[in-house]
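Trainee: Start from the sequences, fold in the hints, and give me the full structure.
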Amino acid sequence: MSLIDIINSSPLADDQKTALVERVEAEGATPDVVADVRAALQEYIDGGFQTLGVEVDVNDPAVKAATEKMEQEIAAAEADFNDSMADIDAEAKAVQQAIVKDADKIQANMIKGQI
Amino acid sequence: MKKEGSGTSPQGEITKAVPANEQLGDHSYYKEGEKGEIGKHVDDLEREGQKVLESGRRIYDSAKDRAEKKFGGFFSKVRDSMSTVANAIAKAAKVGLGGGVAFGKGTVEVGKFVGKEAYDIASEDWEVVKAGGRTVRDVAIESTATAVAGGLELAMGAEDAYKSGKEYASQKAIEAEKLASAAKDATIRTGKNVAKGAAIAGAVGVGGVALGTAATGAAVLGGAALGTAAFGGAALGAGYLTGRGMEAGARFAGDKASKGVDALNRGADSAVKTMDAVAATGRMKLKDAKQFITDSAHAGIDALNRIGNEGVRREAQVRDVLKQTADALMQAKGELSLTAQAELANFSMDLQDALDSGATMLTADIQAIKDKVDTELEKASAAASHVADTLNTIGNEGLKKEQQIYTMIAETKQALADAAGDMTTSTQAELTNQIIDTEGAINSGVASTVGELAALKAGLEQGIAEAGETAAKDLKRLEADLDRGTQRLNELYSDGVKKLDDYNGRVTKARTAWDDFMNAGRQAKEAFMSIFKGKGEKKQLAENITKAIDQQKELDKLTKATEAKPVVIQQVRGSKEQGS
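Protein sequence lines, in the order shown, are assigned to chains A and B. With the UniProt record's numbering, letter number 13 in the first sequence gets 13, and the count goes up by one each step, no holes. With the UniProt record's numbering, letter number 76 in the second sequence gets 76, and the count goes up by one each step, no holes.
Mixed in with the good hints, there may be bad ones.
As the list claims (entries may be wrong) - Distance condition first, Cα-Cα at most 30 Å in a straight line; then the derived DSS-like pairs of lysine-lysine: (1) B/K473 with A/K93; (2) B/K473 with B/K525; (3) B/K51 with A/K69; (4) B/K560 with B/K498; (5) B/K553 with A/K17; (6) B/K553 with B/K498; (7) A/K101 with B/K473; (8) A/K105 with A/K93; (9) A/K64 with B/K476; (10) B/K547 with A/K69; (11) B/K525 with B/K547; (12) A/K17 with B/K473; (13) A/K69 with B/K498; (14) A/K17 with B/K476; (15) A/K17 with B/K547; (16) B/K547 with A/K101; (17) A/K69 with B/K509; (18) A/K64 with B/K525; (19) B/K509 with B/K473; (20) B/K538 with A/K64; (21) B/K473 with A/K64; (22) B/K553 with B/K538; (23) B/K498 with A/K93.
I should point out that these hints are in silico values taken from the structure, not numbers from a laboratory.
Mentor: Laid out in structure tokens, this is it:
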């Protein structure tokens with residue numbers, strides 16, 4: 001089943017379907033679009049369960065474990081992401097500084113050459 | 001006191017007074033060839049005793065069966081007690097019967113033996129027996145004296161003795177009954193006393209008879225047939241008394257058995273009543289229990305209502321809390337994701353801006369450097385051209401002047417040659433030398449100037465060439481460095497994008513797993529299926545939720561397929577123009 005088929009056969013509102021299909025047609029079935037479709041479906045599911053009054057016991061050990069696991073995974077992902085981005089940021093600055101330094105050096109040589 | 005010659009027999013029938021010897025003959029145990037009246041009476045008593053005994057046994061057995069059936073092990077002690085009592089009763093009945101039979105046979109020795117047996121049996125309560133014996137003895141003495149006084153008087157005395165004995169027996173029976181009652185009340189321990197009392201009751205008659213026999217012996221020693229008659233009378237009376245005693249014993253036995261049975265029955269009835277009472281109590285309790293249950297049910301319903309109301313209220317609170325928690329969680333997740341995305345976006349923007357501005361700056365700088373180099377090169381070139389032009393001009397002018405000089409020299413030489421005839425030789429020689437010097441000076445000056453100019457031009461050209469070459473090299477190296485830096489920045493940018501994708505992927509995966517878990521948990525709730533199936537809009541909504549969950553699973557497949565695609569790396573330079 002293609003992403004557009006999934007969207008069109010979903011219980012989402014028509015305007016939502018139209019917007020999502022347009023995005024798929026414009027951007028393709030990218031992870032972002034798929035994630036947005038999934039989020040829209042999840043929003044519909046959450047709202048539906050809430051309307052029907054079906055909730056999960058927040059004190060259920062399994063729910064607590066699942067929530068804790070999700071939070072740990074997100075926290076770990078965030079920590080890894082921050083570490084990686086810090087490294088990338090540091091290296092990018094170093095590269096940029098090196099290039100500027102080279103340019104300055106050449107310019108200085110040129111001025112010196114003029115003199 | 002009745003008149004002599006008439007009286008009432010122990011059987012109560014009116015008898016005619018008979019001589020003592022006839023009485024003896026009439027009342028002997030054995031009549032020649034057949035049993036006498038006493039023998040028959042004894043047989044009757046024995047049969048009656050047997051009947052009583054059998055009846056007692058049946059009563060006992062019946063009581064035992066009933067006791068066992070009704071109470072089983074619970075009344076085992078009672079049963080044992082009753083068994084002891086019944087045995088004692090049977091024993092008493094046997095003793096009484098045996099004593100009566102023995103005495104009925106008129107055997108003094110047997111009577112003594114029986115009396116001794118009774119004495120032995122009653123020895124433990126001898127004082128009671130002794131008192132009774134004394135009473136009986138007194139009665140016997142009295143009756144003996146009466147018998148001595150006259151036949152009927154004797155018989156009447158015997159009757160009195162019988163009455164006294166009867167009263168005594170009755171008294172003993174009452175005492176025994178009291179003892180039995182005590183035994184009944186005191187169960188096993190007093191049961192033994194009851195048996196003893198029963199034995200005593202049976203023995204009293206026998207003991208009394210024995211004493212009476214002793215008295216009779218005294219009367220015999222007193223001599224004469226009257227003594228014998230007295231003995232006979234006493235024997236008859238005592239025998240009757242004994243018979244009565246036996247009867248009393250039997251009655252007592254039967255009575256005690258009957259009382260025992262009655263007691264048992266009462267006990268049973270009491271037990272039944274107790275059970276009925278228990279049952280009634282149970283019924284009452286059942287009724288109370290029903291009422292209690294009803295009340296409890298009402299109370300329970302009220303409590304349930306309260307709990308239900310409380311539960312509804314709490315449920316609403318819990319839902320609010322859940323919603324708040326879920327909202328907070330979702331918001332936290334969203335914020336987290338947004339924060340991370342914003343951070344990356346900021347970083348990405350910063351990086352891109354830095355790259356863009358850096359690239360712009362570098363490009364401008366390099367271009368400026370290039371421009372400067374070009375300008376300088378142009379200036380140098382212009383200068384060189386100017387120098388060259390100047391040199392050319394100078395050279396041309398020099399050549400022109402040189403040509404003019406050479407022309408002027410040639411014209412001078414020609415003029416000199418033309419005027420040679422008119423000039424003296426010395427003048428010609430002087431002019432010739434002068435021309436030569438001038439030509440030499442001109443040649444020398446021109447050569448010097450041309451050489452210097454050429455040298456200057458060559459130097460300028462070399463300097464310009466060297467400067468341009470250095471600048472070109474620097475520019476080339478700078479461009480290479482810039483390309484490498486740009487490439488590295490592009491790689492770093494790609495790494496950042498990839499890290500962001502990884503992060504988003506991990507967050508999405510964790511959130512998806514959590515959503516799936518929550519969806520499964522909510523979907524698994526029986527209420528979800530049981531409440532909403534077949535109920536219009538809610539049913540449709542429940543089905544749509546299930547459908548949406550299924551579609552999410554389809555999306556997961558697409559997500560896995562998408563994850564396998566390579567990350568598109570965008571070029572940093574010019575990315576703004578590409579709209580990334």
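Trainee: Just to be careful, I want the Cα atoms of A/K17 and B/K473 compared with a cutoff of 30 Å; is the pair within it?
Mentor: At roughly 60 Å apart (the allowed maximum being 30 Å), B/K473 and A/K17 break the hint.
Trainee: Sort out whether B/K547 lies within 30 Å of B/K525, counting only the CA atoms.
Mentor: holds, 16 Å
Trainee: Given the proposed pairing of B/K553 with B/K538, does the C-alpha separation stay at or below 30 Å?
Mentor: Roughly 23 Å separates the two Cα atoms, so the pair holds.
Trainee: Holds or violated: A/K17 with B/K476, Cα cutoff 30 Å?
Mentor: violated, 55 Å
Trainee: Given the hint that B/K553 pairs with A/K17, test it: the Cα-Cα distance must not exceed 30 Å.
Mentor: holds, 18 Å
Trainee: When you check the alpha-carbon spacing of A/K69 and B/K509, does it fall within 30 Å?
Mentor: holds, 11 Å
Trainee: Given the hinted pair B/K560 and B/K498, is their alpha-carbon gap at most 30 Å?
Mentor: Holds, at about 16 Å.
Trainee: For the pair supplied as a hint, B/K473 and A/K93, is the alpha-carbon distance within the 30 Å limit?
Mentor: The given pair, whose Cα atoms are some 26 Å apart, holds under the 30 Å limit.
Trainee: Assess, step by step, whether the Cα of B/K547 is no farther than 30 Å from the Cα of A/K69, and give holds or violated.
Mentor: holds, 26 Å
Trainee: Need the status of pair B/K547, A/K101: alpha-carbon distance at most 30 Å?
Mentor: Distance of about 61 Å is beyond 30 Å: violated.
Trainee: Would the hint linking B/K538 and A/K64 be met if the CA-CA limit is 30 Å?
Mentor: holds, 29 Å
Trainee: Are the Cα atoms of B/K473 and B/K525 separated by 30 Å or less?
Mentor: violated, 77 Å
When held up to the earlier numbered hints, the structure conflicts with 2, 3, 9, 12, 14, 16, 19 and 21 and fits the remainder.
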